[in-house]
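There are 2 protein chains.
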Amino acid sequence: MSSPVPLGFFAATARAGWRKGGDRRPEVAVFFAPGGARVAGRLTRHRFSASPVQATRERLGRGRARAVVVVSGYALAGVGEEGRRLTGEMCRVCAGELGVGEEEVLPAATGVIGLLPPEEPLLRAVAEAARRARAGERDFDSASRAITTTDTRPKVAAKELPGGRVILGLAKGAGMIHPSLATMLCFLFTDAGVSLPEMEKALGTAVERSFHGLSVDGDMSTNDTVLLLDSGKGSPGGKVDPFFSSALEEVCVFLARQLARDGEGATKLLEVEVEGAPSEEAAREMARRIVSSPLVKAAVWGADPNWGRILAALGTTSWPLREEELEIHLGDLCLARGGKGAPFDEEKARELLRGEEVFFRLRVGWGPGRARAFGCDLTPEYVKINGSYRS
Amino acid sequence: MSSPVPLGFFAATARAGWRKGGDRRPEVAVFFAPGGARVAGRLTRHRFSASPVQATRERLGRGRARAVVVVSGYALAGVGEEGRRLTGEMCRVCAGELGVGEEEVLPAATGVIGLLPPEEPLLRAVAEAARRARAGERDFDSASRAITTTDTRPKVAAKELPGGRVILGLAKGAGMIHPSLATMLCFLFTDAGVSLPEMEKALGTAVERSFHGLSVDGDMSTNDTVLLLDSGKGSPGGKVDPFFSSALEEVCVFLARQLARDGEGATKLLEVEVEGAPSEEAAREMARRIVSSPLVKAAVWGADPNWGRILAALGTTSWPLREEELEIHLGDLCLARGGKGAPFDEEKARELLRGEEVFFRLRVGWGPGRARAFGCDLTPEYVKINGSYRS
Chain A
274 MSSPVPLGFF AATARAGWRK GGDRRPEVAV FFAPGGARVA GRLTRHRFSA SPVQATRERL
334 GRGRARAVVV VSGYALAGVG EEGRRLTGEM CRVCAGELGV GEEEVLPAAT GVIGLLPPEE
394 PLLRAVAEAA RRARAGERDF DSASRAITTT DTRPKVAAKE LPGGRVILGL AKGAGMIHPS
454 LATMLCFLFT DAGVSLPEME KALGTAVERS FHGLSVDGDM STNDTVLLLD SGKGSPGGKV
514 DPFFSSALEE VCVFLARQLA RDGEGATKLL EVEVEGAPSE EAAREMARRI VSSPLVKAAV
574 WGADPNWGRI LAALGTTSWP LREEELEIHL GDLCLARGGK GAPFDEEKAR ELLRGEEVFF
634 RLRVGWGPGR ARAFGCDLTP EYVKINGSYR S
Chain B
274 MSSPVPLGFF AATARAGWRK GGDRRPEVAV FFAPGGARVA GRLTRHRFSA SPVQATRERL
334 GRGRARAVVV VSGYALAGVG EEGRRLTGEM CRVCAGELGV GEEEVLPAAT GVIGLLPPEE
394 PLLRAVAEAA RRARAGERDF DSASRAITTT DTRPKVAAKE LPGGRVILGL AKGAGMIHPS
454 LATMLCFLFT DAGVSLPEME KALGTAVERS FHGLSVDGDM STNDTVLLLD SGKGSPGGKV
514 DPFFSSALEE VCVFLARQLA RDGEGATKLL EVEVEGAPSE EAAREMARRI VSSPLVKAAV
574 WGADPNWGRI LAALGTTSWP LREEELEIHL GDLCLARGGK GAPFDEEKAR ELLRGEEVFF
634 RLRVGWGPGR ARAFGCDLTP EYVKINGSYR S
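Residue numbers (my numbering), protein chains in the order written: chain A, 274 to 664; chain B, 274 to 664.
Keep in mind that the hints are not guaranteed to be accurate.
Put simply, identical chains are the same to the list, so a pair is met inside one copy or across any two.
In silico DSBU-like pairs for lysine-lysine, Cα to Cα no more than 35 Å straight-line [unchecked claim]:
| no. | residue 1 | residue 2 |
| --- | --- | --- |
| 1 | Lys506 | Lys474 |
| 2 | Lys621 | Lys293 |
| 3 | Lys657 | Lys293 |
| 4 | Lys474 | Lys657 |
| 5 | Lys621 | Lys657 |
| 6 | Lys474 | Lys621 |
| 7 | Lys621 | Lys506 |
| 8 | Lys293 | Lys474 |
| 9 | Lys293 | Lys506 |
| 10 | Lys657 | Lys506 |
Hints listed in this document are in silico derivations from the structure and should not be mistaken for laboratory results.
What you are looking at is a predicted structure, and each value in this text was computed from that prediction instead of being measured.
Whenever a hint applies, use it, and build me the whole structure from the sequences.
Next up, the structure:
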């Protein structure tokens, strides 16, 4: 992997064998922090959260962990008691191979709901990956591929902090109409030596400004998991880094844009920035509403500069808005101003919409709130992928 | 028209000429109640509601009206002051031809946002339709076609009440991912002679149990309009009909199912019934969440009995749910029970999913709440239609 890797972490993968056809991606990844790591996390609030999420939620309270085990292909959700048992087995085997306590292992999973993975291949792969991680493998590259499902490419971002410390993030997504109905997993590793309260705060802000910009309120998967682990190994002096928060946010935004761009069947990134809203929260809700609108997304796919659909999506939010104060820009082109269309070069607009990254900027008033949201176009391919996910 | 028509109403249409190609549908419809009618309505709460909606909202307060004028092809939204002026002109011309007050005319519109209709053809068509309505035309058939946009067929439902009285409903929809981002118009006419408070109450319940089952909370168009007009002409004795409410609900549900079935690009109706919820409202929210899930909709298109997606959509609601109490049925086939898959005949399930009407029934607990929601499958065709709506 060309990205820098933080000190104090190992990573290894193994094949369980259930990926089909010529797909040789491993299905299991294990991350190991032999000296332990402080950990903060954000987990789905889904009513039927997967059993790995339930276990991780419980263990996050400890604030420390030594390993993360990830399974790809099965959500371990909607499988009743048997799912909980299997999650327990997975952690037990992983902990045994690593020589750590079971409660120090954080499990995560992604894949189909309602089906159980075959037990023997699963546990064999977990054991193998754990053995290799313990032996000192640092194959974050393979791990970034192991955690993916319908993703067309792995998502990796890294940022170096002063003094050679590093934040490394791996993520998987896809299925971006309501992004998090497809599971979003993100594992962030650092050796920055940040305190737990600082980690919590930085992670909260970074997730809010990145992955939450991908999502519609209330839309989430059974398995969404974001974990931040800090080994502290890069910071022997224990000096706090004032740039940690902004670096973490940068890594998360970079990953969020990759997730959006690689939405199922997507051909382009759709980024919307709203400014002049009453608050950052309001701005984010508006931006999110727009990138989530299937009509906006389909128009972006068709390179149709139909700004009326943006206005239509925006007006469904509960925030007070005045038509007269509204401006809609596509790149540097003003499409509408004062609640009605502005004269613009239609051909140039279509040209901008044909690009790989489509950027709308809206002014909705004169408040201090500004935020971005990230999405993708809606394509016929999306429907085809999701019409036969299991087969 | 083969449907019975209530007494006291006339209907006529005219061509404005902006429909393209061989599309000969009229673009303007006028409904006329020479003796006046009591009126109740439900209008969009969209932040940028179209100027016809603004005018109708104001006039609904009077509780009486003599005409409805409908324009198809232009939303008259996102066109600033000029849109308000044109809406005013349209009502003025209509009122003039009918010999009624301008404030007795309720305008409605549907179509593209942000573009103005050409004024002269619009006003000419309004005048012509009004003249023909005044002359006694009762062409509800043509009116049902005039109000449609991307609908592939007109939506009409009628119900006879005892004593020969009638409720007749005309509706238009299409664009059903988030149904009401495409405008829903519904005009209900009756001669039942019901009091205004009874009309309000019956319409509220009927809309809640029909059109609201089509929609996701907060998703609405700039133009959504439902109007109920009662001429009272069929009820000279003034006797109240105890069956009016349930008949109105039946008409609205019938129209809602037609709207769902004719969603843009749709190949089938998707109906979901939730029972055992804490309340009817909770049941409706859950059912709606499921019929709105693009992943469920795509799976229905692909005839994939992937019940995990139903569980995933259901769990995003804020209502408390227990996995152990959950049952998911497809027609008479039980797909899941107690939060995990039940053994079912996969071929039979696919067979049911290949039908024109797909019906899921869920038990979510043991509460008294039961409700239905109506949607359609998500198809590659939908995306193609919406990638180039304006062109």
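Okay, the hints, checked on the actual structure:
1. In this assembly of identical chains, the alpha carbons of Lys506 and Lys474 lie at most 35 Å apart only when taken from the same copy (21 Å versus 68 Å across copies).
2. Taking CA atoms no more than 35 Å apart as the test, Lys621 paired with Lys293 passes between copies only; the shortest distance there is 25 Å, against 44 Å inside one copy.
3. Taking CA atoms no more than 35 Å apart as the test, Lys657 paired with Lys293 passes in both settings, with 18 Å inside one copy and 30 Å between copies.
4. For the identical chains of this complex, Lys474 and Lys657 are neighbours neither inside a copy (40 Å) nor across copies (43 Å), given an alpha-carbon limit of 35 Å.
5. In the homo-oligomer, the alpha carbons of Lys621 and Lys657 lie at most 35 Å apart both inside one protomer (31 Å) and across protomers (22 Å), since each shortest distance falls under that limit.
6. For a Cα distance limit of 35 Å, the shortest separation of Lys474 from Lys621 qualifies neither inside one copy, at 43 Å, nor across copies, at 51 Å.
7. In this homomeric assembly, Lys621 and Lys506 never come within 35 Å of each other (Cα to Cα): the closest approach is 52 Å inside a single copy and 58 Å across copies.
8. Taking the closest pair of Cα atoms, Lys293 and Lys474 never come within 35 Å of each other, the shortest separation being 41 Å inside a single copy and 57 Å across copies.
9. Taking the shortest alpha-carbon separations for Lys293 and Lys506, neither the intra-copy value of 39 Å nor the inter-copy value of 69 Å comes in at or below 35 Å.
10. Taking CA atoms no more than 35 Å apart as the test, Lys657 paired with Lys506 passes in neither setting, with 47 Å inside one copy and 53 Å between copies.
In summary, the structure is inconsistent with hints 4, 6, 7, 8, 9 and 10 from the numbered list given earlier, while agreeing with the others.
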